[in-house]
Structure formats: structure tokens, C-alpha cells
Amino acid sequence: MRESSDRRESMGLRIVVVGIAGVGKSTVVSKSVEAIKGSSVAVFGTEMFEAAKKLKWVKHRDEMRKLPVENQKRLQRIAAQKISRSRGGVVFVDTHLFIRTPEGFWPGLPYSVIEALKPTHLVLIEADPEEILSRRKNDTTRYRDILTTEEVQTELTLARTFLSAASLVSGAPISFIHNREGKADEAARVILNMVANAAK
Amino acid sequence: MRESSDRRESMGLRIVVVGIAGVGKSTVVSKSVEAIKGSSVAVFGTEMFEAAKKLKWVKHRDEMRKLPVENQKRLQRIAAQKISRSRGGVVFVDTHLFIRTPEGFWPGLPYSVIEALKPTHLVLIEADPEEILSRRKNDTTRYRDILTTEEVQTELTLARTFLSAASLVSGAPISFIHNREGKADEAARVILNMVANAAK
Amino acid sequence: MRESSDRRESMGLRIVVVGIAGVGKSTVVSKSVEAIKGSSVAVFGTEMFEAAKKLKWVKHRDEMRKLPVENQKRLQRIAAQKISRSRGGVVFVDTHLFIRTPEGFWPGLPYSVIEALKPTHLVLIEADPEEILSRRKNDTTRYRDILTTEEVQTELTLARTFLSAASLVSGAPISFIHNREGKADEAARVILNMVANAAK
Chain A
3 MRESSDRRES MGLRIVVVGI AGVGKSTVVS KSVEAIKGSS VAVFGTEMFE AAKKLKWVKH
63 RDEMRKLPVE NQKRLQRIAA QKISRSRGGV VFVDTHLFIR TPEGFWPGLP YSVIEALKPT
123 HLVLIEADPE EILSRRKNDT TRYRDILTTE EVQTELTLAR TFLSAASLVS GAPISFIHNR
183 EGKADEAARV ILNMVANAAK
Chain B
3 MRESSDRRES MGLRIVVVGI AGVGKSTVVS KSVEAIKGSS VAVFGTEMFE AAKKLKWVKH
63 RDEMRKLPVE NQKRLQRIAA QKISRSRGGV VFVDTHLFIR TPEGFWPGLP YSVIEALKPT
123 HLVLIEADPE EILSRRKNDT TRYRDILTTE EVQTELTLAR TFLSAASLVS GAPISFIHNR
183 EGKADEAARV ILNMVANAAK
Chain C
3 MRESSDRRES MGLRIVVVGI AGVGKSTVVS KSVEAIKGSS VAVFGTEMFE AAKKLKWVKH
63 RDEMRKLPVE NQKRLQRIAA QKISRSRGGV VFVDTHLFIR TPEGFWPGLP YSVIEALKPT
123 HLVLIEADPE EILSRRKNDT TRYRDILTTE EVQTELTLAR TFLSAASLVS GAPISFIHNR
183 EGKADEAARV ILNMVANAAK
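Protein chains in written order, with the working numbering: chain A, 3 to 202; chain B, 3 to 202; chain C, 3 to 202.
Pulled out of the complex, with its shape left as it was, chain A reads as follows (with noise of 0.2 Å):
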């Protein structure tokens, strides 16, 4: 099944990229943003926190996390439909595939979302879990959680399980790009040949 390009003239491509702390997916998707004439970047957090603030629910982002699951909720579906109505162009949707807390793996892109949200592509940026734990180890402000291989092993693979179920709920089709240590520019082209593609 090849896109045409109806899709991408009419509605647009909205291609998620995910990837766990520290495999390097921010440079990935500049790189790509860089490259990709009238393409843009939806950072989804960005999007619910400026949701909470017009709903008057926050004032500061860090107030986010204390909100209602409900609320929280509500905010995700906000976002994912926004972001399905920039039409034209390429936007490159960042967020997590799931957040490590104390009550367990929390689903960034659960179902409702996904529906909301509808992605015309799915894309999970993956490392070596050495580079990725060296990654956290050397940028301690941003990334807290330190783990051992083994954790992040877990993680890899509960990402592309994550992935795989939300290819199979919305049709959409699903990447394994591999970025190797300063080879964020072969990621990014594997993500550029996808787009050339779905223009055809």
C-alpha cells in the first residue's frame, strides 16, 4: 500500500515520532524539520499546557502533572485535535510514548488519543542502550531517571510493542529508525525518503 498524494495536499502528513529518553530524537526531528520545505514541528506537551492555560486550569507548566487524570485526559484529546486539523505540510508530532512514574508506564499515546490524533505515520527512534545510558549519564538536569541496561532494554521493547498495538488501532504505518552516535543525519534521511514517498 503506497500514499498518494491526495493525503498529503489535502490533510497533510502528521508523522509521530517517539522515542525513550536519551536516544536522541530531538536532533533527529531538527534535522528533519531542517530538510523537509513547509514542514513543522507540534511538541504535543506544548500543546496540552497552552490548552490548560486558555481553559484557565494552569497558570505554570509544572502545575500540569497536579491537574485530575480526567482533566489530563481531556487536555490530550485538545491537543490531538488540533494538531489533526493543520492541514497542508508536514508536522512532525513530538511526544512520549509512555512515562515512567510510580503507578506504572503511563500510555502517551493510548487510543483515544491516537482517534483524536489521527497520524498518517508512525515513527520509533531507537539507540544502543549503551549510548542511550551514557546519553542520561551525561545530562543529568534533563534526564532523572538513571537506569541499568537491563531497564532500558525493557523500555526499547515495550516502545516498538507500544507502537506496533498503535499501527495495528490506526492504520498507520510504523518505523524502526536506528540512530547511531552522530549519525542523526542517516536517521533523519531514512525520515526524509518517507516523506518523498508518501508524495508520489
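Take the hints with a grain of salt, since some may be wrong.
Repeated chains share a single entry, so a pair holds when one copy, or any two copies, can fit it.
As the list claims (entries may be wrong) - With a straight-line Cα cutoff of 20 Å, these simulated PhoX-like cross-link-like pairs (lysine-lysine) come out:
{"no.": "1", "residue 1": "Lys84", "residue 2": "Lys55"}
{"no.": "2", "residue 1": "Lys68", "residue 2": "Lys202"}
{"no.": "3", "residue 1": "Lys185", "residue 2": "Lys33"}
{"no.": "4", "residue 1": "Lys75", "residue 2": "Lys120"}
{"no.": "5", "residue 1": "Lys202", "residue 2": "Lys75"}
{"no.": "6", "residue 1": "Lys68", "residue 2": "Lys58"}
{"no.": "7", "residue 1": "Lys56", "residue 2": "Lys33"}
Calculated from the structure, these hints are not laboratory results. Here the structure is a predicted model, which is why all the values come from computation and not from measurement.
With chain A fixed as given, assemble chains B and C onto it according to the hints.
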């Protein structure tokens, strides 16, 4: 995303606890219930049996598996709806993620049941394949399927995949808890911590 | 949970059989059909092509992949609905779980198709990565993607994950059948046993 107190107070927590035969699930659930005030256990199969008796479909539990599959599915939904209506406190839902049969692995928690049950948390109890096998061999009246380490590993992986998909479709967080031989207290402690955080 | 005779008689069995390229799926399906009286095969891609010809969208099969993705999705649903209407007997649905493209792995059995197809059983044919690779290398007209053992392993794992998620959303039981070189009879026997049990 964190739980807020409203959910716990107004509609309670429904913590689905699953695990393949021989991981020591019952012990972990018992210890959790003992330690959490106002908590209780709903055994899914028992609720299905109670519903079947009320409908006068069966008199004995053995007759359950001879019911037409459509009737069994209806019983699953009735049981799930009944459990989802329980108000307040913490209900541990003790159920099977899948059942090994000659027709394949039957999902015990399919989408239709998840929709009716509305779980707030999903917990998978795991253990080392060797400990699982040794428990199965030491209790052959309870565990009829004596398998190889490889088959147990398949079941463990399948359990993670099924419950991850359940998390994605339900939006509930998922926890993998390793139950070490003789350390069920530690496994229960992870659950107590989860409930404490959900109540925040 | 066991199958009852009502399902087999009134609405028939729809056994979806999938497997990555080179596992020997066709042989196993042929042997199963030969052995089961009143059984038949529905090739999903052929049903889609027949629907496309009726709608005068294409004349040749090659044109199928150039159709807009929305039209392809509509053909998927038409094919699934047609197969789900087939009454009585056993229908083996021969389809692809995913298709490797430059846009990623396209799901061949997304939720929308599962809902329309209403499978009663899901079967994944598997084989050793080495045997799969050797089959692909020996038939390069049929298999265009020659991959590494690692890539074949990724496909095998992805297939398990996709079909497990399909089982969860459909409620149908899932079987993993290992097809050993020259032992397709044994693999078919597992299917015969499944059908015999479903008819009980």
C-alpha cells in the same frame, strides 16, 4: 500523568492483576489486600460463574467451559460491568490474560472486556522461568500444563505484549513486577506504593 | 473458553493465517484445506482486486498499489466484509500482517479490517530465521527483499506483536505454529486439531 484523589474517592481504583500460571500471583494479591485498608479482590472467573448461575445457564463451575462462546463472552461483559460499578476503595481484579487451549491462546482481557471493566491500573506479575517451572512441577493438581523453559518464556513475552496492548487501548498505566521466590512482600510493596501515589 | 458448535454451523470459522515471507505459509494452508472437508481459502489481496475491478478503479493488479490510500482502505473493508459474510464451513483467510515499504511497515490487518472481518481464529506461521532466509534466496522472483538474519528476526518479533494486538482487539484466540523444513504436514496437523476442537 499522575492520579488525582477524585478518581480514587468517587469511582475507586480497579487494579487488574495478571500473570501466567506459577508466578505466585495469588500470594502477591493476598499480601496487597491485607496491607491496604478498604481493598478487596474480585476474581473474574468467579464473577462470571455467579452471573451464569443467575441466568440459570449452569449449576456447576465445570459446565462453564461447555457454554457457547457467545454466551461466555456475554458472561465476561456482565462480570466486567459488575466490577466496574463497585464504588470506592481499591478492587484488585484477579484474572487471566490468556488461556492456553487447543484452539490457541484465548484472550481473557479482550477489548470488549477492557471497555466494560474500565481498569485504572494494569499489573503484570512476572518471575524467573525456572522458578515458574519448579512451582508448576510441585503442584500438578493445580497446574496441568507442564511446559519447557522455552514455552514458559513464550508465555512471559506474550503476557507483556498482551498487557501492553491492553494499556494502549484502555489508557491505563502498566507495571511489570518481578516476584522473587520468597519475596512476595517486596512485590506487594510495589503495589502499595502504586496505590499511595494514585491517592495523592 | 471453548468454541461451541453453534459458531461453526451458523456462521462458520474464519481462520486468518499470516506469516512473514518465506515461512512456507502457502504450503501449510494448502495442506489444511486438502484435509478439511468443506473448507476453502480466501486470498485477501485477490478479494481486494476483485472489488477494485467491480468499482472500475483498476484493470490490472499492478495498478492496485497506485490507488490513493483512502481507496485502498475502502477496498480492504469491502474484502473483509465479503469474507465475513461467507456462511458455513471453514474459510482460511490468507493475508499479510504487514507490508514492508519505504514508508514503514504498513499494517495489513488494522483494527478497521479486523472489525469488518470478524476472525474466529488467528494463526501465525513461523520458521527458523535461517530457513526463511534460505527460502528467500532460492526464490528471488517471489521474494524481492533479501534481508539479514537480524532483520528477519525483527519481522518475526513484529509479527507476534501485531497478531497479539489483533487478538486483544478482536477477542479471537491466537496460535503460533512453527513450520519446520519439510514438515508442513505437522504444521497443518495443528490447524486440523484446532478446527476439530472448535467444532466440539
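message = With identical chains, the pair Lys68 and Lys58 could be close in the same copy or across copies; at 20 Å between alpha carbons, which is it: within, between, both, or neither?
response = So Lys68 and Lys58 pass the 20 Å test inside one copy only (14 Å; across, 48 Å).
task = State whether the alpha carbon distance between Lys75 and Lys120 is at most 20 Å within one copy, between copies, both, or neither.
result = Intra 16 Å, inter 14 Å, cutoff 20 Å: intra and inter.
inquiry  = Cα distance capped at 20 Å. Does Lys84 pair with Lys55 within a copy, between copies, both, or neither?
reply    = For Lys84 and Lys55, only the intra-copy Cα distance (15 Å) is at most 20 Å; the inter-copy one is 38 Å.
task = Evaluate Lys202 and Lys75 at a C-alpha cut-off of 20 Å and name the case that applies: within, between, both or neither.
result = between (36 Å within a copy, 17 Å between copies)
key: Homomeric proximity label, Lys56 with Lys33: Cα distance no greater than 20 Å   = neither (31 Å within a copy, 45 Å between copies)
query = Can you tell me if Lys68 and Lys202 fall within 20 Å by alpha carbon in one copy, between copies, both or neither?
reply = between (45 Å within a copy, 9 Å between copies)
query = Is it within a copy, between copies, both, or neither that the alpha carbon of Lys185 lies no farther than 20 Å from that of Lys33?
reply = Within. Shortest intra-copy distance 11 Å satisfies the 20 Å Cα cut-off; inter-copy 48 Å does not.
When the structure is compared with the earlier hints, a violation turns up for hint 7 alone.
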